Amino acid sequence: NNFERDFEQPIQVNADYQEIDSRANRLLYQDNVVIAQGSLLINAERLEVESTADELGDGEIFVATGSPARYQQDVEEGVTVEAQANEIRYDSGTGILTLRGNAELRQLGNLVRASQITYYVNDQRVTAQRSDDGEDRVTTIFQPRTRNQSENENNGNP
Amino acid sequence: MNWRIAFILLTIGIALALLFWRPFATEQRQPPELDPEQLQPDFIAEGLFSRIFSADGELQHRIDSRLMAHYSVIGLTELTEPVYLTTIMRDNQPERWQVTANKGSFYDDQRLILENEVQIKSLSENTFIRTMETEYLVIDTQRQLISSNQPVLIIGPNIEVHGQGLQVDLNAQQLELTEHVKTIYYPKRDNQ
Numbered sequence: 001n002n003f004e005r006d007f008e009q010p011i012q013v014n015a016d017y018q019e020i021d022s023r024a025n026r027l028l029y030q031d032n033v034v035i036a037q038g039s040l041l042i043n044a045e046r047l048e049v050e051s052t053a054d055e056l057g058d059g060e061i062f063v064a065t066g067s068p069a070r071y072q073q074d075v076e077e078g079v080t081v082e083a084q085a086n087e088i089r090y091d092s093g094t095g096i097l098t099l100r101g102n103a104e105l106r107q108l109g110n111l112v113r114a115s116q117i118t119y120y121v122n123d124q125r126v127t128a129q130r131s132d133d134g135e136d137r138v139t140t141i142f143q144p145r146t147r148n149q150s151e152n153e154n155n156g157n158p
Numbered sequence: 001m002n003w004r005i006a007f008i009l010l011t012i013g014i015a016l017a018l019l020f021w022r023p024f025a026t027e028q029r030q031p032p033e034l035d036p037e038q039l040q041p042d043f044i045a046e047g048l049f050s051r052i053f054s055a056d057g058e059l060q061h062r063i064d065s066r067l068m069a070h071y072s073v074i075g076l077t078e079l080t081e082p083v084y085l086t087t088i089m090r091d092n093q094p095e096r097w098q099v100t101a102n103k104g105s106f107y108d109d110q111r112l113i114l115e116n117e118v119q120i121k122s123l124s125e126n127t128f129i130r131t132m133e134t135e136y137l138v139i140d141t142q143r144q145l146i147s148s149n150q151p152v153l154i155i156g157p158n159i160e161v162h163g164q165g166l167q168v169d170l171n172a173q174q175l176e177l178t179e180h181v182k183t184i185y186y187p188k189r190d191n192q
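If you read the sequences in order, they're chains B and Y.
Quick note on this note's numbering: the first sequence kicks off at 1 and runs consecutively.
Quick note on this note's numbering: the second sequence kicks off at 1 and runs consecutively.
Hint data in this document are derived by calculation from the structure and do not stem from the laboratory.
The reader is advised that the hints may include incorrect statements.
Claimed, not checked - To give an idea of the chain B side of the interface with chain Y (calculated C-beta under 10 Å), a few residues:
#1 Gln-9
#2 Pro-10
#3 Asn-14
#4 Tyr-17
#5 Ser-22
#6 Arg-23
#7 Tyr-29
#8 Gln-30
A quick note: this is a predicted structure, and the numbers were derived from the prediction, not measured.
Every residue gets a Cβ at the ideal spot worked out from N, C-alpha and C, and that includes glycine.
Please model the complete structure; the sequences and the hints are all you need to start from.
Dropping the structure here:
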């Protein structure tokens, strides 16, 4: 699917400011941060990148924060997943996206809202947790597909 | 009668001439700009230029140069094809860095300014950054601080960084780009 193609692309990060702490193998980006990899796009105010391996490129953990930080990626042709949260954590090694703090995930009109959402991008699985203090619940809204909408989808246009 | 008039006219004429000629005027001559081009170097030499050892006897930095010309009047040594070698400790392992350029100027205050095809290279294995390239670099050899206001290209094993406003603290292993443009992470598989 589209994800494999995305994950083989280089990851480009644009931002106004960058700091490299090569002792801790950590990079910090600030102001107008945009992460792009194929169709994956994350917009944030701040981004920390930690390399898990000592060799860079083996797998980095991108922690983007913003008010909110936003994510979008094409699952397949014409089907885009959108999400937002205070913190979007993206592990490029495992392809797992973790949204923390007022997290929302939208796909084809379905909406999941929770304090934390974990999105296993490769196998398209979503799990949502509410916050420990149990105040806010997990809300999932499935948009009933109207008859013509699902027909449209079958022949390719949303 | 007319020789008297002639005499008067003549004196006035001479006075006027003197006025304009002013051979004796002393213009405020500017102190001559000390332009190295004009200055003669005290000496010209080749090879090793400076070696500094740290307190515990470790070679901290060394500057070589194919050719150098020293101007003691202005405390400047001009270097041709300088090579600056420095060692820093990372997790108490020595990590060696080499900086080369076409042209260098070393000042009494221990600042080394490198110009034109400046390349910073890590001589140690698996460092985060392999090379940095720019056209202008200032090295504070005493405090191991490096800066540049020119565009910089930083290349690591799988990373490429473009930006400007470089500030590097070698000892703290901190690098900053105040005008970062973009960074590209290449997946490992591509350049296996």
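Hint by hint, here is what the structure shows:
1. For Gln-9 (chain B), the interface hint holds, the least distance from its beta-carbon to any beta-carbon of chain Y being 8 Å, beneath 10 Å.
2. A least Cβ separation of about 5 Å between Pro-10 (chain B) and chain Y falls short of the 10 Å threshold, and the interface hint therefore holds.
3. Evaluation of the Asn-14 (chain B) hint against chain Y yields a held restraint, the C-beta minimum of about 5 Å falling below 10 Å.
4. Here the hint on Tyr-17 (chain B) is kept, as its CB sits about 6 Å from the closest CB of chain Y, short of 10 Å.
5. Among the interface hints, the one on Ser-22 (chain B) holds; its C-beta lies about 4 Å from the nearest C-beta in chain Y, closer than the 10 Å criterion.
6. A cut of 10 Å between beta carbons decides the hint on Arg-23 (chain B): the least distance to chain Y is about 4 Å, and the hint holds.
7. Because the closest C-beta pair between Tyr-29 (chain B) and chain Y is about 7 Å apart, less than 10 Å, the hint holds.
8. Here the hint on Gln-30 (chain B) is kept, as its CB sits about 9 Å from the closest CB of chain Y, short of 10 Å.
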